[in-house]
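The lines below spell out each chain.
Protein chains: 2
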Amino acid sequence: VAGSSAGRLEGKLREKTLTLDTLNPQVKAVEYAVRGPIVIKAGEIERYLEEGGTKPFSEVIKANIGDAHAMGQKPITFLRQVVALCTFPELMDSPSFPEDAKRRARRILQGCGGHSLGSYSASPGVECIRKDIAAYIEQRDEGVPSDWENVYLTTGASDGIMTILRLLVSGKDSSRTGVMIPIPQYPLYSAAISEMDAVQVNYYLDEDNCWALDINELHRSYQAAKQHCQPRVICIINPGNPTGQVQSKKCIEEVLHFAYEENLFVMSDEVYQDNVYAPDCQFHSFKKVLYEMGPEYFNSVELVSFHSTSKGYTGECGFRGGYMEVINMDPEVKAQMVKLLSVRLCPPLAGQAAMDVIVNPPQPEEHTFKQFHQEKSSVLGALAEKAKLTEKILNAVPGIKCNPVQGAMYAFPRIFIPPKAVEEAKALGMQPDMLYCLRLLEETGICVVPGSGFGQKDGTYHFRMTILPSIEKLKVLLGKVRDFHIGFLKEYSGLE
Amino acid sequence: VAGSSAGRLEGKLREKTLTLDTLNPQVKAVEYAVRGPIVIKAGEIERYLEEGGTKPFSEVIKANIGDAHAMGQKPITFLRQVVALCTFPELMDSPSFPEDAKRRARRILQGCGGHSLGSYSASPGVECIRKDIAAYIEQRDEGVPSDWENVYLTTGASDGIMTILRLLVSGKDSSRTGVMIPIPQYPLYSAAISEMDAVQVNYYLDEDNCWALDINELHRSYQAAKQHCQPRVICIINPGNPTGQVQSKKCIEEVLHFAYEENLFVMSDEVYQDNVYAPDCQFHSFKKVLYEMGPEYFNSVELVSFHSTSKGYTGECGFRGGYMEVINMDPEVKAQMVKLLSVRLCPPLAGQAAMDVIVNPPQPEEHTFKQFHQEKSSVLGALAEKAKLTEKILNAVPGIKCNPVQGAMYAFPRIFIPPKAVEEAKALGMQPDMLYCLRLLEETGICVVPGSGFGQKDGTYHFRMTILPSIEKLKVLLGKVRDFHIGFLKEYSGLE
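Quick note, the sequences are listed as chains A and Z, same order.
Okay, so the first sequence: first residue is 1 according to full-length UniProt numbering, each after it adds one.
Okay, so the second sequence: first residue is 1 according to full-length UniProt numbering, each after it adds one.
To be clear, the hints were calculated from the coordinates, so they are not data collected in a lab.
Ideal placement from N, C-alpha and C gives every residue a C-beta, glycine not left out.
Among these hints, one or two may not hold up.
Negatives, chain Z to chain A, calculated, CB over 10 Å [what the hints assert, rightly or not]:
| id | residue |
| --- | --- |
| 1 | Arg35 |
| 2 | Asp208 |
| 3 | Leu428 |
Listed next, the in silico DSS-like pairs over lysine-lysine satisfying Cα-Cα at most 30 Å (straight line) [as the list claims (entries may be wrong)]:
| id | chain 1 | residue 1 | chain 2 | residue 2 |
| --- | --- | --- | --- | --- |
| 4 | Z | Lys339 | A | Lys41 |
| 5 | A | Lys339 | Z | Lys131 |
| 6 | A | Lys28 | Z | Lys131 |
| 7 | A | Lys339 | Z | Lys28 |
| 8 | Z | Lys480 | A | Lys172 |
The task is simple: from the sequences and hints, build the whole structure.
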C-alpha cells in the first residue's frame, strides 16, 4: 500500500511536527466540562441510537448546556424579524413585517458600512448599537450614567471575558497574576486561566447559605493566594452559574469594597441579569451598587460587566452576540484593548443586531409591544416555574439536596455518593460524580455535567443540569433522575 | 468636586490596577496597521467633516481594508435569501423566496439544535455544513479526497489562524517557536506572533519577480532562524495579501517539499482562492499540489488551509464565517483542538450558513442559477478590470512601480520617497511611508496603509490600497494619488 511507505524518507523516520508532546502545554491544561467527556459520550450514544442501536431509552436529553432553542424554546419573533430585515433588506417592502421592526433594522443598517450587515463594523461595534446599549444600561440602573464609548460589542460574553483576561495576564510575569474565581464556577474561567497560564485563586461559595458569597471567605482566599502570586482580578458571576444564586445588594457592596481596598480589577459576569425567579430576589448590577457607594468608589474601581444574547428570554446562543461595559479603565489601556480587538476585526454583525433588539425592545406605544411582551413573559414565566419544580422534585429524593434556583438556568444539587461508589470511581481513575453522571447517561439518556467540572468542596459531589426542557419533559427527566439515584444508592449501599 | 477626592483612601494613593505599565507586555507589542493609527486618523477626519468642518475633499475614501460592501459592492442575493430564511423560517411560506434557497435553508436548519440558528452548534460547526464544505473541496481539487471530519468552521479565517498558532506556540518554551511568514504579510500574523510571544521568522517575497516566493530565500530564512529559535510552522498567503501574487504550482511544490524536509507545519491562507484575475494565473490549492506529489507527502505533511466568507465574490465580512481543513493532524492533537474550540462554544451560525451557500451555490439546473451566476461574474469581472486599471494608472506615475495585481484585492505599489522626506519622517519618529500616507490622507481624504505595516525590505517604501471602490471612484482615487505623488516628489526634491 502506498500509505505504508509514508512516514519515511530515505530511511529517516518522519515524525509529526505537532504531537501531544510538542503541543502548547497550556492548551493541554485546559478543561471545559460543559462540552467535556460526558458530552462526547452523549454524542456517541445519540449516533448509536440513530443507527438503530437500542438502549433503555429512546433519546438523549442534553441538560448539560444552557442552549434554550435546542431544548425547544421558540425565538422571540420581533428579534428574528429585525435580524431578517437587516440580512435581506428587500423585506422592507413586505407588508408582513411590522413597522417597528423595520424602523430598528433601518437604523442598524444606517450604522453599517454600505448599509450592509456584510461590512466589518468598527472593532468596538456599530456606533448606534453601542449607544442603544448605553441607554439601556442607564435605564436599567435608574439613571446611573453610561458612556457609549465604554461599551464594546463582543462575540458572546466568552469573547469579552477572554479579552479582558488577556490584558491582565502575562504568562511571563515573574510575580504571576492571580485571578480570583468563585467555586463552583463556570469553567470558561478556569479554562482561560489555564490557557493563559495565570494562577487560579478559588473563593468558595457557601452552599449552606444558598451559595451566597461570603466576604470572610474572600479575605481568606486573597491572603492565602498572596503567598504565591499577585491577585489582580476578581471574577463574579451574578446570577450564579452553575449555582443559580442571586447576590444581595449588601454582598455586592462588600465585594466592591474589598476590590477597592485590595486594588483588584472587577469582572462581573451578568449574562443572567434577566433570569431572576425567586420573588424575594432582585438583580443589582455591580455598576449601580458601585455608584451608590459614592464617587470615591464610582470614580476609581475598575469594573467590567458582561452581557450576552445567549441567555435571558431570547436564548440566542448561535448569534454569538454580547457586550461589555468598561468603567474606570485607564485610557491608554483602553487604546491598547481597541488595538487588540481590531486584530479580530469585529464581532459578527447579526449578533450585534440581535443585541440591539434586546436592549431596545418594543415600547408600549409600538405595534409589536403586546406580542413581544407575551412571548417574553411566557419564556420567563415558564423558567420560574421550572426553577421551582426542579428544586422541589430534587429535594424530595433521599440523598439529594438542592438549593433554590433563584436565577440563571441551572440547578446544582448536591448528591450523596456512597463510599463504595467513591472507591469504585477512584479505582477507575475518575471523579465520583463523573462515575455517577456516566451511569445516569448510560441508563437514562440524561446528560448532565459532574460538579467536579465546576469545582466543589472536597468530599462533596454535585451535578449541573439546565432547567430548560419543557415542563412535561422536565418532569419526566426529574423522575428518571430520582429513580436512578435511588437505584444507585441501593446498589452501592448493598441494600439490594 | 466629588471626583477630586476619588483616587485617595485614607491618605493612600489609589492607583489603577491595570495601566500601561502592568498591561500584558505581549498585548503592548501587538501591531495591526490595517486598523492602525492612520485609520484612527481617518475616522477623526470623517467626524470633523460630519460636524461641518472643511477639508480640500468632501469625503474620506477608505481603501485601507478589504471591506467590499462598505465600498458599495452588493451582496449576492441568493446568499442573503438563504440566511434570511434560516433567521426567520416563517419566510418559508413566502412565494417571493425561491425554492432552491428554501431547500438549502431547510437543510441547514435540520442540522441545528431545535432547528434554530439560535442554538449552539457543535464546536467544529454544523455537521451538514462541514459535509458540504468537504464536497466543495473535493470538487475544487478535482477529486482529491476530503474528509468532513477534518473540516472546522471558524469565526472568519482569523479565528482559525489564531487557533492553530495557539496549539503550536507556547510562550514558556525554552527553545522558542519560530513562525515563518512572508514579508510583506497580512499583519494578523505578526500580531498573533507578538501576542503569543513566538518568534517571527521573515522570508522575503521577490518584488522584482511579481512578489513570487523564492525557495532559496526560504532556506536562507530558515537557516538564519535556527540560530536562535526552533522554526516549526510556515505560513503562506496565496493569493497574496498585500502583494496580490498568485503562486505557481511549481512554487507550491517547492514550499511543500521544503516543509516536508524540515518538518514544518504548513498554514495555507487561501481566503482569496476565488480572486484570481490574471489570465495566465490559476489558483492551485496547497492540498491538491500535496496530493499530486504522492502519498509519501500527502500522508505526512501537516497542512491547514483557511477560507472565509469575507472575500471572494461575496465579501460577507460582517458574518464572520470561515472554515479550515486540517490534513495529517495527530488525532490526539485534534482532540485537544476540539477541546480548545469548545471553550468558545461555536462560530456564529449565520456565518456558518453563509459559508454553506458559498460552497454549495446554485447549480445549472436550479432556478436561481442564472441570477447567481450573473451577480458572481459581475463582481469578479469588475474586480479583474479594477486590478488591471490600478496597475496601469499607478505605473504611469513617475516614482511609483506596481506589480500586476494577479489576485486578491490589493495593489501594493512601491513608492519612491525623496531623501528629504525620509529625513523629515525620521525627525518626526515615524516611518517614511507613514508620513506619506498621512499626508495623502490629509490632502486627498484617501486612506491607505503604509507598507511598513506589512513589512518590506529596508529602504523600500510601499502602501497597500484595495481595488474595491467602483470603477468610477477608483479612477478618481488613482488620479488623486497620482497628483499627490507628483506634488510630494516636487516638494521634497526642491523642484518647486
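Against the structure, the hints:
1. Arg35: The assertion about Arg35 (chain Z) is violated, with a minimum of 4 Å to chain A.
2. Asp208: holds (31 Å)
3. Leu428: holds (20 Å)
4. Z:Lys339 x A:Lys41: holds (14 Å)
5. A:Lys339 x Z:Lys131: violated (36 Å)
6. A:Lys28 x Z:Lys131: holds (28 Å)
7. A:Lys339 x Z:Lys28: Holds - the C-alpha atoms of Lys28 (chain Z) and Lys339 (chain A) are around 9 Å apart, at most 30 Å.
8. Z:Lys480 x A:Lys172: violated (48 Å)
Taken one by one, the earlier hints fail for this structure at numbers 1, 5 and 8, listed in ascending order.
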